[in-house]
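*Asks:* Each chain, letter by letter, is given below.
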Amino acid sequence: MLARAGHASLDELFAPIPAALRLARALKVPEARSEQEVFEHLAALAARNEHAQAGPWFLGAGSYAHYLPSAVDALVSRAEFTTSYTPYQPEISQGTLQAIFEWQTLVCALTGLEVANASMYDGASATAEAALMAMRVTRRRKVAVAAGLHPHYRQVLETYLDGLDAAVVTLPLAADGRSPVPAAALDPEVACCIVQQPSFFGTVEDLRAAAEAAHAHGALLVVSVAEALSLALLEAPGALGADIVCGEAQSFGVPMSFGGPHLGFLAARTAHVRQLPGRLAGQTVDAEGRRGFVLTLSTREQHIRRERATSNICTNQGLCLLMATIYLALLGRRGLRELAELNLAKAEYAKARVRATAGLSLPFSAPTFNELVIGLSEPAERALDRARAAGVVAGLDLAPHAPALGPAVLFCATELASRASIDRALGLLAGAST
Amino acid sequence: MSRNAAPGIGYEEPLLFERSRPGRRGAEIPASDVPPADVAKLLGPLARTDLPGLPEVSEVDVVRHFTRLSTWNAAVDLGLYPLGSCTMKYNPKLNERVARLPGFAAAHPFSPAERVQGLLALFFALEQLLAEISGMDRVTLQPAAGAQGELAGIMMIRAYHEARGEKRKRVLVPDSAHGTNPASAALNGYEVVSVASGADGILHPDAVAAAMDEQVAALMITNPNTLGLFERHIAELSEIVHAKGGLVYGDGANLNALLGIARPGDMGIDVMHMNLHKTFSTPHGGGGPGSGPVAVKELLAPHLPVPVVVRRSDGAFAWSDDLPGTIGRLHGQHGNVGMLVRAYTYILSLGAEGLRRCSEMAVLNANYLLARLGDVFHVPYPGTVMHECVLSDRSFGDSGVTTMDVAKRLIDHGYHPPTIYFPLIVPGALMIEPTESESLEGLDRFAEALLEIAAEAKSDPDTVRSAPHRTRLRRLDETLAARKPVLRWQPDEPSR
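Residue numbers (the working numbering), protein chains in the order written: chain A, 1 to 434; chain B, 435 to 930.
Do not rely on the hints blindly, as some may be mistaken.
Stated by the list, open to error - In silico EDC-like pairs for lysine to aspartate or glutamate, Cα to Cα no more than 16 Å straight-line:
| # | chain 1 | residue 1 | chain 2 | residue 2 |
| --- | --- | --- | --- | --- |
| 1 | A | K351 | A | D176 |
| 2 | B | K678 | B | D700 |
| 3 | B | K601 | A | D176 |
| 4 | B | K678 | B | E648 |
| 5 | A | K28 | B | E648 |
| 6 | B | K603 | A | E415 |
| 7 | B | K475 | A | D162 |
It is worth saying that the hints were derived from the structure and are not from the lab.
The structure displayed is predicted, hence computed values, not measured ones.
This is chain B alone, in the form it adopts within the complex (with noise of 0.2 Å):
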């Protein structure tokens, strides 16, 4: 076994409500300097009169509890992480310093423009910078995810027919896409229409042309699509869309590839979302919070959410809801500003070299895997990818080994797995992004793990199929937690 996970002492530890003990509290509240209220005369039925369902636990079973727990995670911090299309690259340590500031941390959304000058100063900076990058004309940040973002971005396409007096009906979405393409433009009441890639694992003109009409409002594209392959039609499919009238939607999932290298707005992209936990470095959070910036040419940006920052004559900056075209509010404020704050830091940090550096090195690392792993596992789209590769488990034949088999048995040599069974249109994928963060040492060692479970596939394929082997809990079933779903602790639940 490759020498990248050792043997060590695990902890067991149990759920928070079974530490409680009665009387038991983590926290003291201080002693009041004001009269004490009296609830029942306050409030009378309004009031509960106790929270039982509230663990009992001292401060030190706090930390310990969530001490361990955190040790049960994999992390970017421990090592490669190479889930396709989600661009876990290392998250510089000085981005969590400077949001944790107490004027960004501890300012208010409601405080006025004037008082908040240095917020509304870095947003003004951070829409400039990303539209740059992106080859756009104006930015908004409100979108607290990239799903919120296409969503904006659609209601932006649907305002724009609108205010040509047009109401059309569809949706076109490549079969390669994201799951959250679809769902945005149908959350948004558009039919979708999914769109057939070729055998090469592009979109075609043809294809498009076959499927745009009058009645359908944009084209949701990923450049570089979900197999890690340049989109090179790009040019002439947003053609083909225009000509109907159509406008070009842009999933920024993978703009990791195509900093300082080239630039969506340059290839006929009317609307972007970027993800500013994947390209520009915000940490995950074991799910958030995220960030997703849309960016827009000139002809959608009457219809960008409210409030826009704007500058002064004098200089200062302002908000302003005078945008009679807007779509309207989209965040309870101004987003997930603390994200915004990380991502400044970052693009200020590495610079226009350094962009272009990570997106250079993101392809280099891909291209590599995919050298080193193409001869043994299958590759349904041969070719130079661009920052992530995908395999499928064909090459395991009737050995029984599947991709999940595979993904399990990575955890044994102490490896996040892919993504995998994603795109939908390869069996069995398997989705690799090794980011820019990852050293020549490092995706050897990565390399021979996977080159070393194709081997066991054929010598010994049950410890394979049986994996992960090294882990705190084995395999789980999901299948028991969806037919039975236990969704909350109660105190009657048997423990196991």
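One chain only, chain A, in its complex shape (with noise of 0.2 Å):
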């Protein structure tokens, strides 16, 4: 090979490199280890790891324990789709492009809207971009964000946003625990205001007040989404009038992974698709009039437009998008909202469970779905530690995150969460010590 290539040794082939630049010495990393060696070390850092299959678990915050059906594991795991690229050429990756087009046929029924992409990082970002777009479409410069937007999502916004000349300003929080768009607080610089619905503290906001508060003054009504299952539930934010719903649909099958990979969405008004961040897949016809997909609208995109794209990116989350168009197909219309419905009566039965227990308290009256705050006598971090040195992992300390509120955790109760296991984690959460 070397001599049909004209190179007399492996060293020669790289000549262009100058000497110089070439490093002289081996790599510092460690010898290479057989498969063996290998996954035991690996299994040895996973044994050190808290998860979610140890014990009872009622940490969400973003990221979901949702029972994982076993169909979508196996299909996603087809080689097939894992080592595939980016649908670029399509008469050879029709599978790829008819699950984006079936996911993006998906959101659209769960948002209410009229056209979705083909994936974003995480539901952070996807607020980010979904801001960004706002920007472009209104030509406005200050964004509104509620104070129930998820704090890294907040924090990730302002990321973005540096180096921008763009404003940021905070919604208050009211006393039901709802972030209410008020019209005062808006003015005719605001592109656009930010609402995760459900919000960070778990509670249902009104989407349509806050659409008409926006749309006053000619803002678009950004509706941010955590917890993906909720949309099975609540009335589609599209419906209730907002421009653009964007956010997280780990809940769709997708692991908790320590926090990625998820599944960033992001879906808009056909109004604004020349706006819209990202790819898209479309139906077209074959040379012989067949139904068939391929990427389109790519004059957005940065590989056509360079500088002038809506947005960098490029790879996204494609496998994670698959996991969540099986999930969505086996789940199904009733499905998915007896699901919906199952992980509303946990939260209220642990609701019921905390008005009735010593110690507890529910610090806000708005509705909520599958995630509560609750509030605690003495500081989370003691009551969450007590609770695990019992093997339960009683939800999130919202000290850091929301001090105001004094001493109190982030409840999520899903599907995965019995009865007896509800009971347990309050008790534990109340002060008992088992």
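Make one complex out of these two single chains by using the hints.
*Replies:* Structure follows, in structure tokens:
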């Protein structure tokens, strides 16, 4: 091979690299190990991590523990999906393209909007990209953010806006735990209001009122969803006036994986499709008139438009999109609804138990889905440590995220939570030691 | 026709929504052990009543649907996938198994650091390995893909200049660069200035010197570049940029050529991203998830995204937000962690020698293909290439056969086409990256397919121009898709 390539040695192949730039030593990387040795090393690292399959789990806050149907992993493990590239050559990528088209259709159905892209990195960057899109559509540079937006989404939004001469203002938290959009807090400079549904505190927002307030000032309403399962139970944001719906679809069959890879999504109205970031699959026909799918409207994208693209996104979260499409197909019209109702029922049961438990309280009165804030009578860190000592992960300590609340945890009850485990977790939070 | 593709039975498959039949379902929900929730009472008008847009299909429907769809894809596990600058190498199965261990896959990002020490230890070790491989000082694992890594790098460059009281306005990008480079710089508010490559396909010091001044924040450079050529003036280019106070951004998309051979950090690069889904074998997944860690020299370390992993004096690992110059948080949590687990597994499996061997074989394979094809196909920039080579359709003259036709005809031979019409500076480019995963026989078969197509372009151009002929669907009408966008299924769309 070397001779055919016109070289006498492997070293000579690298002659274009000036000698002074060549590495004169071996990399300080451990020597190669067998598959068994590497597996054992990684298994030992994995064994040192707390995880949701080891015991009762009530921690959500943007990454949700749901049951993963067996068919999801079996199907996404097919190498034809796993080891293919972005479908730039449609004739040999129809599997990926049709799945993207199906995902776009499902996202439109769940959000009540007309066009959805083929995924963003995660809920946080999807929210930041939604704000940038709203700024392009309205040609304005101010973003109003609800207090109930996930604190990490808020931080990522600020990172993305830094350097762009944009302003971020915060809408206050109401006593019932919601973040209403007061028309008086807006002005004609505001490009969009970003409201999370349900909020970081689990409360269900009044999106119709938020949309009216935003639209009265010519601003867009961006609804960010961190727990996508809620879309099966709550009115579609698009039907209530939201202009962009974005967020995190990890709940649809994607493992939590320590926060990633997750599945950002973004949907909008057809009128704004030219300002949409990310990839789109569209329907077309082949040379014989048969239906097929291609990536389309790519003049918005970086590989065509370069510095004038709507976003720099290229590789996105393709395989996670496939997981979610399979998950939604399995659960389907009735299963997804029943699952969402079961989540609601578990959280409502927890609420009723909190009301009946001395030492615990419900600081917020607004309706919730599967997550709620529970007030404690001691520092949350202590209560959560006690629960962990008994093998229960009983929620998120809100002290770093919302110190004004006093001692409190964010408690998430999904279909994985049994009645007995809810009783036990709440008992531990209230002071019991087992 | 070369013996790679074979005839076989393929299946048609409608959309999920067209398979839907009332009452079917693919999953049962467990019986409830708590009182049912009164949705109307609890949520009133906030609730929706139904999900008519979701399909009703059984589990076997779903399994057949997606299994059939999968058979319509080309994939690395089926054969050579020579997409230039995409590094479609083999993805070892161990990586997949390890990433699914519950201690990784079911871990939660809000678990306290002391409860996820295995993950933090992996982060810390992977950061050190990537720093050593790239020749840099510090690494962030947060960026979810190469383009988000570029954005992080550009933001750190901005933060660096602003910390010195400077507001620079421009970023230099060679005309051979990936589209993400100018898009990332523009996304962070920079004006992009394109710098022309020389007649030999690489960037020359005089071109950069002419564009460089105190208003330029950075030069973004890909090395080897998208022609597969090593930018041999890189050290001098870096000096020119540094002399005017600018920084050098390295796009690591083509790092697969350099493992253990040379390090960007030793060439004057100040900040670079690496694509774990290219160089470090995490699967591409039909368009992600990827992972784009960013490595920096010490001068940019104060501006890394937070949180960062630190090792405490007692040896335990912790998160730290204590970085006053940080650009902030870039990812909702800690990045595409499942990809980090896979890449770490890959590096440990290969070791120092194995990594070097990857690059040696990747470069040998690219040069071998170039030697086999260069007499027949036009080679716009002759010479020794690194991990990929670029051909063009100029050799087809007035036959009417274009790069697009060659690409589509390759499909009939059972190959995914190379990257086409990129880089933009080569009209009709065919950019071929075989990677180290291919054997000599595999490369020969691929070369023979391309040579056969070149001969066919002369003897029977119409067959080439109307390819593909052996696929389930013939050539697809991309113009129609863009002119009349149909971006979702609707019940009233006429079915075809």
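*Asks:* Next step is simple, just say for each hint if it's right about the structure.
*Replies:* To see whether the hints hold, each was checked on the structure:
1. K351(A) to D176(A): holds, 15 Å
2. K678(B) to D700(B): Judged against 16 Å, a Cα distance of about 20 Å means the pair is violated.
3. K601(B) to D176(A): violated, 44 Å
4. K678(B) to E648(B): holds, 6 Å
5. K28(A) to E648(B): Roughly 38 Å separates the two Cα atoms, so the pair is violated.
6. K603(B) to E415(A): violated, 52 Å
7. K475(B) to D162(A): Answer violated: K475(B) to D162(A) is near 44 Å, above 16 Å.
Hint check: violations occur at hints 2, 3, 5, 6, 7; the rest are consistent with the structure.
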